[in-house]
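In numbering that gives the first Met the number 0, the protein residues as written are 0 to 103.
Any given hint could turn out to be false.
Stated by the list, open to error - Here are the simulated SDA-like cross-link-like pairs (lysine to any residue), alpha carbons at most 25 Å apart as the crow flies:
1) Lys73 with Val99
2) Lys73 with Pro55
3) Lys73 with Glu41
4) Lys98 with Ala38
In short, the hints are calculated from the structure, not lab data.
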Amino acid sequence: MPTPRYVPDALTIGQALSRHSALGQLQLRLRQSNACFDAIREALPGALVKAVQAGPVDDAGWTLLAANAAVAAKLRQLQPRLEDALRERGLAVATIRIKVLQQV
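Modelling step: build the complete structure from the supplied sequences, incorporating the hints.
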């Protein structure tokens, strides 16, 4: 088994992301997506939280990823409440898109 080599000038992932503009934008959008999910978590019924994931944020809005079609349908019913929760936290999201995760 080879021994791991020490790289003296290695960057942490956070340092690498902050030093590259495109990666820095990616890191910012990831933080925005997580902040949006934290804002809506309390508006979701308990069992639904585990079936939903935060998706990407872009200029057009934010995507929620549903585990299946039934979860997506419930999210669509809750969408006005979720948008209100985002506004209450001061998170400006143009729209919430809801997509079903592909089952592999």
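Review point. Are there hints from earlier that the structure breaks, and if so, what are their numbers?
Key: No numbers; nothing is violated.
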